[in-house]
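Following the hints, position chain P against chain B.
Going line by line, the protein sequences match chains B and P. If you're matching positions, the first sequence starts at 4 in this note's numbering and goes up one per residue. If you're matching positions, the second sequence starts at 166 in this note's numbering and goes up one per residue.
There's no promise every hint is true.
A few chain B residues that don't get close to chain P, going by computed Cβ distances all over 12 Å [claimed, not checked]: (1) 5; (2) 18; (3) 55; (4) 62; (5) 69; (6) 71; (7) 74; (8) 76; (9) 88; (10) 96; (11) 118.
Only pairs whose alpha carbons sit at most 27 Å apart, straight line, appear in this in silico BS3-like list of lysine-lysine [stated by the list, open to error]: (12) P:235 <-> B:47; (13) P:203 <-> P:181; (14) B:47 <-> B:86; (15) P:168 <-> B:65; (16) B:65 <-> B:14; (17) P:168 <-> B:14; (18) B:18 <-> B:47; (19) B:81 <-> B:65; (20) P:181 <-> B:47; (21) B:47 <-> P:168; (22) B:81 <-> B:14.
Since the hints were derived computationally from the structure, they do not count as laboratory data. Every residue, glycine too, gets a C-beta built ideally from N, C-alpha and C.
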Amino acid sequence: EAGVAQSPRYKIIEKRQSVAFWCNPISGHATLYWYQQILGQGPKLLIQFQNNGVVDDSQLPKDRFSAERLKGVDSTLKIQPAKLEDSAVYLCASSPRGRGYYGYTFGSGTRLTVV
Amino acid sequence: AQKVTQAQTEISVVEKEDVTLDCVYETRDTTYYLFWYKQPPSGELVFLIRRNSFDEQNEISGRYSWNFQKSTSSFNFTITASQVVDSAVYFCALKGGETSGSRLTFGEGTQLTVNP
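For reference, chain B alone in the conformation it holds in the complex (with noise of 0.2 Å):
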């Protein structure tokens, strides 16, 4: 079974500049979840999707941080414009289904770098 595919895997911009992460989770997998995590800090969840629709996005700083899961398969995630603030790994995870325990699997995540 192919993993959580994420790219790119390393991206540095200049602050104010915008940035998009792609995620591609495990195929069939209704839950995708994008994860903030800033050096030194455990993963902090930034929007969950339950097929094409979000579930949870009350840690999304909605002012400049904007996510799409189109077709409830693959997701993006897009920053604009960023801040210096915004460095972090960022990670995707999917899970069969959103209620009860069904597992997660994360990907190798993002690690942007805002200069």
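For chain P alone, coordinates are given in the frame of chain B:
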């Protein structure tokens, strides 16, 4: 709201020593799941164990063991006879139930360094 606390930011041991990583959690849910993940320098999150709130049996897997105590809201992780390859950041995480959806709440992590 749910919360996971890993009080130990960094631990350094010498190879072959036993080491315990502490995890304390808070949740209002009666059904929940607890996890441990390992994050080596390469960055990926490696799943180690899941435990549900109704199963308080301790578990042993090779050199790893876990002690779940509901009475103290703790889920501690012990590595016996540590090895250099165990060096990593270890995260404890909580997935709530009826009030928390399916999000995972992570602790801040414990950086374990095993010296030869």
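We went through each hint and held it up to the structure:
1. 5: holds (15 Å)
2. 18: Consistent with the label, residue 18 of chain B stays out of reach of chain P, its closest Cβ about 23 Å off (over 12 Å).
3. 55: holds (16 Å)
4. 62: The assertion about residue 62 of chain B is violated, with a minimum of 9 Å to chain P.
5. 69: Residue 69 of chain B is indeed farther than 12 Å from all Cβ atoms of chain P, at 19 Å.
6. 71: holds (19 Å)
7. 74: holds (21 Å)
8. 76: At about 19 Å from chain P, residue 76 of chain B clears the 12 Å cut-off, so the statement holds.
9. 88: holds (17 Å)
10. 96: The assertion about residue 96 of chain B is violated, with a minimum of 8 Å to chain P.
11. 118: Since the minimum Cβ distance to chain P is about 20 Å, residue 118 of chain B lies beyond 12 Å and the statement holds.
12. P:235 <-> B:47: holds (24 Å)
13. P:203 <-> P:181: holds (19 Å)
14. B:47 <-> B:86: holds (18 Å)
15. P:168 <-> B:65: This hinted pair holds, its Cα atoms lying about 23 Å apart.
16. B:65 <-> B:14: holds (21 Å)
17. P:168 <-> B:14: Distance ~31 Å between residue 168 of chain P and residue 14 of chain B Cα, so the pair is violated.
18. B:18 <-> B:47: Holds. Residue 18 of chain B to residue 47 of chain B sits at ~22 Å (cutoff 27 Å).
19. B:81 <-> B:65: Since the Cα atoms of residue 81 of chain B and residue 65 of chain B sit roughly 10 Å apart, the hinted pair holds (cutoff 27 Å).
20. P:181 <-> B:47: Violated. Residue 181 of chain P to residue 47 of chain B sits at ~33 Å, over the 27 Å cutoff.
21. B:47 <-> P:168: Since the Cα atoms of residue 47 of chain B and residue 168 of chain P sit roughly 12 Å apart, the hinted pair holds (cutoff 27 Å).
22. B:81 <-> B:14: holds (13 Å)
Hint compliance for this structure: hints 4, 10, 17 and 20 are not met, and every other hint is.
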